[in-house]
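Trainee: Residue numbers (this note's numbering), protein chains in the order written: chain A, 1 to 394; chain B, 1 to 426.
Because the hints were derived from the structure by calculation, they are not lab data. All figures in this text were calculated on a predicted structure; none of them were measured in a lab. The beta-carbon is built from N, C-alpha and C at its ideal position, and this holds for glycine as well.
Pair by pair, the computed Cβ-Cβ distance ranges are: (1) A:Asn26 x B:Leu193: 39 to 47 Å; (2) A:Glu3 x B:Ala424: 45 to 53 Å; (3) B:Gly146 x A:Gly353: 38 to 46 Å.
What the simulated footprint calls covered on chain A by chain B, stretch by stretch (three residues with Cβ under 8 Å from a Cβ of chain B suffice, anywhere in the stretch; the number is not a length): (4) 113–119; (5) 298–307.
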Amino acid sequence: MTEPLAVNPGGSLSPDQVVGRDLLINQLWETLRVQSVLLSAERRMGKTSVIRKMAADAEAQGFVGVIRSVEDCSSAGEFVEQLAAGLRDALPRSHRAAATLRSLISTWGVEVDSGPIRIQPRLREDWKPQLQRLFEAVTDHQDRPVVLFIDELSMMLDKVRVRDGAFVARDVLDSLRAARQRHPSLRMVVSGSIGLHHVLGDLAHPGSAWAPVNDMDRVELTPLVPAEATSLAYRLLAGARIPCQDPGAVATAIAAEVDGVPYYVHLTVKWLRALGPGHLVGTEDVRRAVQAGIEGLPDSWNLSYLGERIIARYAGSATLAEQVLDIVATAGPGSAALTTAEIGRRLGSVTAGVDETQLRHAVELLRLDHYLRRDNSFQLSIARRYWIMSRELV
Amino acid sequence: MSDQPPLLRYSPGSAPARSLEFVFVGREHLVQPALDSVADLLGDHGAAHHLFVGERGMGKSHLVSMIAGRLRRRYSAEDVRVVRLDEDPWSIRDYPGLLSAIVSRLGVAAPEGDVRDLENTLTDAAAEVPVVVIVENLGEVFGRIGADGRARLRAALENSRRITLLATAPERPVHITRHTEPFFGFFDVSDLLPLEVDEIVELVRRVARYSGHQDVSEFVTTDEGRAALAGAHGLLGGQPRVWTILGEISTVASLREPAALIRRVLDDLLPQYQDRVGALPPDQQAIVLLMVEAGGALTVRQIAAGIGVDQRSASSQLRHLATKGWVGTAPALTVDAGGDRRSAYYELREPLVRLCIQIKTGRGVPLDAALAYATGHPVAAEPGAMIESALEAFRADRDRAHLMVLPREWRTVAQQRLAEEAVAAG
Ligand SMILES: Nc1ncnc2c1ncn2[C@@H]1O[C@H](COP(=O)(O)OP(=O)(O)OP(=O)(O)O)[C@@H](O)[C@H]1O
Ligand SMILES: [Mg+2]
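Work out the full structure: start from the sequences and follow the hints.
Mentor: Rendered as C-alpha cells:
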C-alpha cells in the first residue's frame, strides 16, 4: 500500500487510515477466540486506532463487534445505556439475539428501534441486573459471538469513583468480569488512555487481593514495526506532497528516528511540510525535525509529561524513580541493559540506604508506565533523549 | 478602492470575505491542510482537529474566517455545515451551553432534556451532514466546560467522527498538553509565526492599496520603501495587526522618516502589552525584563544567574513562557561558530515586547538610538558600534556567545557581514 495519506497527528482515524498493525491484529483475533484482552500503551500510541480497525473487520472474523468510547459515562447506568445502544445498532436483525435484545430494551420504556436509549430512572439506578440481562440477551443463542471494544474504560471508572464512590466503580469491574466468565460467547477488548493500573490502585482496598482483570490477556501495544512505520511515513510524505531527494530514504529515516511511533511519524512529516515546497527534503532534515520535536520550545511534542507524571503519581517513589531513569539514561545506548541490582549498586553511590523493595517497586512502576522495558532499557529512545535534555544530564 | 469598508483590524470575524482574502498574507500554507482535512471528513476518512496558536494580533481570526469562507464557497450546506461560535466565549457557561450554541447554529431545535439529549442531537445532525465547528479561545472554552465536559466532548467526537474542530488560542491550552487530559495531543497544532520582511512588504502594499493609497502601495515595493519597512521590522516584529495599522496610516513621506510613524503604532499597542506583562507571574516577569535588558538571546544558565534562581526552575519558567508564546529558541547561527555548543539560546519572540517595555522602563538599548538605527540605517547600511564590537570579539575566538548578545535583527546584520568576509577571503 503506497496510497497517499493525509497528515493527522492526534485526530480520529478511520479504519482505512490506520497503517500496519496487521500481525498484532491477527494475534488479537486468535486470542479473542479463547479469551478477552486488556490493551494498554502509552498515550497516543494508537490503541483506539487498532481497535477501530479491528471493529471494522469484526464481521469478517465471525464476530459481532461493537466499539464505544465510554469516557462520557459518569455512571454505571449510562454505561449500560451506551452498551445497549451500541449492541442494538450492531446486531443484524437476522442475528438470533436481536429479538431478545429488543424485548429487553422495550422493558426499559424507550423507543426500541433507533435513537438514544434512556432507561427509566428507577431501573437505571438499579443498573446491575440490567447489565446482566443485557449480556444474557446478546449471548443467549448459538449465533456469532459478540466482542465489545470498550475504549476509555479507565477514564469512566475514575468518573464513577468520584461521583458514586469506589465501591460502585469496583462493582462495574466485577460485573464485567462475572459476565466474561458466565458467557462463553462474550469477549471484551478493554483499553484506555489512563493506565488501568493507576485506577485499580485507587479502587482497591490496601493489601487486598482484588484482581478484576486477571482473566484477560494483557497485551501491550508497542510502536509500529520498522516496515510499517516506513510505509506510514512514505504515504504521509506523498499525501503532503513533500519533495524529497530520496523518498524511500527519508521515510526510512523517519521511522528509525521516532522509534516507529506512528503519532511522531505524523508530527515529523508535518514539520517537514512546513519547510515549504521549495525545499528538497533529505535525511538531515529528518534529524532536525525530531530534534526540534524533543528539544524545541514550545514543547510541541508534549513530552514534559515524562517528568510530570512521576511527580504527580509516584508519591514516595518519585525521587527514586527519577534517579533510576537518570542512571538508565546515561548508561549509554550501546551498552548492555542494566539489571535492577546493578541500578541499585549505582544508586548506592548516589544516595545512601536505598531499600531493595522500594527500588523494585519504582522500577515496576516505570515499566507499567512504559518508560522501561523488562530489561530496564528505555522503551523509546525519544523518551531517553528528552529525559537527558530535561534533566541536563550531559 | 478608497470607498472600501475599513479592515476591522480587531474583529475580522465580521469583515467581508473579499477584503479578508485581499489582505491575506503569509498564512496560505495553513489553509490547505485544514481544507484537506474537511475533504477527508466528507469522504469518511476520519476527523482531524486543528488548533492555530498565536498571540493577539497574529491573525488567528482572520485565518479561520478565510477557511470558513472558502469552505462555504466550495461546499453547499448539504455537503457540510460550518458553524462558527462567538469569538468571545462569554455566552458559553458550561458544556450544555457549548452544545446548545453549536446545535442552535445548525438550525436544529434544541431538545428538551439533559446533556445526553443535546449530544445526541448534535451527533445525529452530524451523521446526516458532517459538521465543522470553529472555536476561538479554545483554552477558555475548555476551561468553562469543565473536566466532565471535556471527557464527554472527546467521547462524542471519537464516537461520531463526523465533526471537525477548527480552533484558535493565544497559547497552548493545558487541556491539550497535560498527559491526564482527554484531549492530550489530540489537536494538529500550528503556530502562527511572525511575518517575514517579504510578507510584510506584500501586506503593507495590499493594505495601502485597499485603503486607497496607491502611492504608498507602489513605494513599498521600491528598494527605498522595502528598506524602510525592513528597518521598521527590526523594531516592530512581524505581527500582522501592527502592519495593518501601519499600512492604513502611512504616507510616502512618513515612511521616508518612519520614527514618528513607529511611535504612533507603539502608542496604539502599548496598553495591550502592559496588560500582558502585568498578567505574568513574578519570576516570568523577571525573565522577560532580563531579556529586554539583554537585547539578545540568553542561555538557561545566564537566565538563572540573572534572576537568581536555580537552573531547573529557570528552565521550567522558560517553558511556561514559551507555551504562552513569549519566548522561542534562537535560530542557529548561519556562520561557523564555536563556544558552548550544547546549550540552547532563548530570546523574546516579539521585539515589540522589548520596545513597549523600554518605553515604560527606559531599560535596555535606548529606544531613540534603536529608532534612529532602524530607521536611519536600513539593513544594507553601516552597522552601529554594538555590532562592530561584537564582530571584533567574535573574530578573535569565534565563540558564538559574542553574536548571541545582539538583538536578533542586528545579529542578522552581523552574520551577513561575516558571510561576506568569508566570501571575500575565498
Ligand atoms: N496505525 C496507525 N497508522 C497511522 N497513524 C496512527 C496509527 N496509530 C496511531 N496513529 C497516530 O497516532 C494518533 C493517536 O492514535 P490513537 O488515538 O489511536 O491513540 P491512543 O493510544 O488511543 O491515544 P489515547 O491514549 O490518548 O487515547 C492518531 O491520531 C494518528 O496520528
Ligand atoms: Mg484512545
